[in-house]
Amino acid sequence: MTLLTTPREPVRAQGEAADVALASAGDATAFERLYRAHVARVHGLARRMLGSAEEADEVTQDVFVRAWTKLGTFRGESQFGTWLHRLAVNVILAHRSRRTTERNRWLEDEGAVDLAPARHAPAGLRQDLEAAMARLPGGARQVFVLHDVEGYRHEEIAERLGITSGTSKSQLHRARMALRGLLER
Amino acid sequence: MIAFAASVAIALQGAGGQAQPFDTTFAVGRGERLEASVFSGSITVKGWTRDQMRIQAAGLDEPGQAGRGHAGGLDLSRGGGTVRVHVQPGRGSGEGDLTIWVPAATPLDLDGNETTITVDGVQGSVRANTIEGDVSLTGGGEFVELASVDGSITASGVRGRLQVSSVDGDVVVRDVRGAVTVTAVDGSIELVDVDGPSVLASSVDGDVSVRGPVRAGGTYRLTTHDGDVTAALGGGPDAEVSVSTFSGDFESTIPVTITQSAKAGRQFSFTLGRGGAQVHLETFDGTIRLQRTGP
Amino acid sequence: MTAHWTDRLSAYLDGELTPGERDACEEHLLGCPECREVLGELRVIVAEARALEDGEPAADLWPGIRARLGGSTARRPDRPTAPRRVLAFSLPQLLAAGLAFAVVGAGGAVALGSLGGTSDGAGMPVIAPAPAVQPAVAVPGGAAWDQAVTELRAVLDAGRGRLDPRTVRVLEQSLATIDRALARSREALASDPANPYLNAHLQETMRRKIELLRHAAGLVASES
Chain E
764 MTLLTTPREP VRAQGEAADV ALASAGDATA FERLYRAHVA RVHGLARRML
814 GSAEEADEVT QDVFVRAWTK LGTFRGESQF GTWLHRLAVN VILAHRSRRT
864 TERNRWLEDE GAVDLAPARH APAGLRQDLE AAMARLPGGA RQVFVLHDVE
914 GYRHEEIAER LGITSGTSKS QLHRARMALR GLLER
Chain C
16 MIAFAASVAI ALQGAGGQAQ PFDTTFAVGR GERLEASVFS GSITVKGWTR
66 DQMRIQAAGL DEPGQAGRGH AGGLDLSRGG GTVRVHVQPG RGSGEGDLTI
116 WVPAATPLDL DGNETTITVD GVQGSVRANT IEGDVSLTGG GEFVELASVD
166 GSITASGVRG RLQVSSVDGD VVVRDVRGAV TVTAVDGSIE LVDVDGPSVL
216 ASSVDGDVSV RGPVRAGGTY RLTTHDGDVT AALGGGPDAE VSVSTFSGDF
266 ESTIPVTITQ SAKAGRQFSF TLGRGGAQVH LETFDGTIRL QRTGP
Chain X
1401 MTAHWTDRLS AYLDGELTPG ERDACEEHLL GCPECREVLG ELRVIVAEAR
1451 ALEDGEPAAD LWPGIRARLG GSTARRPDRP TAPRRVLAFS LPQLLAAGLA
1501 FAVVGAGGAV ALGSLGGTSD GAGMPVIAPA PAVQPAVAVP GGAAWDQAVT
1551 ELRAVLDAGR GRLDPRTVRV LEQSLATIDR ALARSREALA SDPANPYLNA
1601 HLQETMRRKI ELLRHAAGLV ASES
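Chains as they are written, first to last, in our numbering: chain E, 764 to 948; chain C, 16 to 310; chain X, 1401 to 1624.
Incorrect hints may have been included.
[To be verified] Stretch by stretch, here's where chain X covers chain E in the computed footprint (C-beta under 8 Å, at least three residues): (1) 797 to 806; (2) 846 to 858; (3) 899 to 906; (4) 930 to 938.
[To be verified] Some chain E residues close to chain X (C-beta under 8 Å, calculated; not the full set): (5) Leu892; (6) Glu893; (7) Ala894; (8) Asp911; (9) Tyr915; (10) Leu924; (11) Leu942.
[Claimed, not checked] A few chain X residues that don't get close to chain C, going by computed Cβ distances all over 12 Å: (12) Leu1413; (13) Glu1426; (14) Ala1447; (15) Asp1564; (16) Leu1582; (17) Arg1584; (18) Asp1592; (19) Pro1596; (20) Tyr1597; (21) Lys1609.
Honestly, the hints are just simulated from the structure, not real lab data. This one's a predicted model, so the numbers in the text were calculated from it and none came from an experiment. Cβ atoms here follow ideal geometry from the backbone N, Cα and C, with glycine treated the same way.
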């Protein structure tokens, strides 16, 4: 057997667990590695939940700053990524609830789906879907992202959003039907 | 400087995509160190006379199980005078058994989580640290540091300073030329033929014993809370001995004349032969035994 | 196509209908091409949603985050290149404990140092002094020790989930062993406060507890 020679890459001696431990002990360099490994996922979640890349930038920063201060409470019972994801959902939801224009979103949702055709014509269905999701009303979008993109169960979504699981189910269906309409145009 | 890295994963796949035992041999320079870690499994290091290092790995993940394209979960790199071999979660399950042959003088730095560590026939410094698992060493020099939280530790043939730490597990140390410090919490400590300027062994719940010649001018301190302390001394022995216990007993097969005593005979001292070495024996609640051994 | 069944298509897709409802829905689907079409499109949407990929943000957000961590560094001193193995001792709690340890350790050193005794010369009966103990140096149960134990204990408790349960059990058992030894030593000392051995022994056992807790806290910091 031969050993191929390639440019050396950094050794991940202890993997992510070590970076988590280092970061929780105050090592910002280790925390930056965690940031690099997870930023796409957190940003993607924020962008889809909020429907805005700019807001996602802001909230993603909030999530990581919050993670830095809360790392001491990470008990290692789950993967760091899972823990961070849940933290991110909390931060994103808190951010949404601060937006006064969104305050009555659940009430406004009735009939609020914007069915105007998308202004641009993205190349593939996934880009279409991303664009269409951004056009969903906030409540339906959150349920859709949490359930269909992120794989949360209705019970959990209901708990996070402070709604009933029946509402979560009907919002999901509304979201899917709305997306179907948006994508058909 | 040679650099090699993640391509190991590719090499591992072999024919038919099956994980094969990993085996590689390469030349190393004088003084090059080895750093190895296995999250779960074993690390075995053997000293040999070649100027080469051979790394063999078994029990690694099947390529299909490994995460993020690093089949087998083995991470091998080299640089800064150190060869690094790591089998850690994140690159797979972190399970595996490493066997590594090194030039005998290679300094070793070995780490495990749920890992048995065995080192045989080396002469350089050794640091071996595991949490769940036994540590066994033959050889080693300069500074040897062995630690396990839950596992036994044995060391023999060390030519240098030896430091052993066990939380729950017995410690056996033989044939050492150098200062020895051993601590255990729940475990016995047995020291045989240890010749160093200081020999310190301390447990909380376990017996502590030393057997062998007493070094002139050496300091011996054997203490435990709940357990027996046995000093089987050879080489005269010439030593000043102090014995302390709260509610334990003292038994001696060597005739002694107590020169100072306090606290109803439970703290006292005496001189064996011409004195010289300092021997301190202490248990809160156990039997302190003094014996003569060897010629 | 009926609104009733259209509204149930998501529930059907997600397997949330009762067996009876599911059978009825399937029967309806057999005879309703519109509903089948909607179902097919919902399936595509759900599958596409699952397959969405995350992308990096357009701008690097790290500098902004890093700047905001600065405000937190009072609690988390930034140690850019510290080696991993010593990280356990960078925690402020551990530093505090280290100070306490030094105090207790110094007391231990006094007791140990006295073992050396002084030899009057060869051939003479030599009196090896009993361990000299200065109880005032490290007061058994002193505030510094208590604080060190409390803080290290908190580190262990907060991070025990990162350790293998067997390891936690071993550590707890060994801590209990030391606590029993401490309790018995204190009890003995209460009945014989001037006993030099008991004073030294208690000090030593207290030091052992700090040592073990530091070890445990180190494991917490370095393990997952």
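Hints that the structure is at odds with (numbers, increasing): 2, 3, 7, 9, 10, 15, 16, 17, 18, 19, 20 and 21
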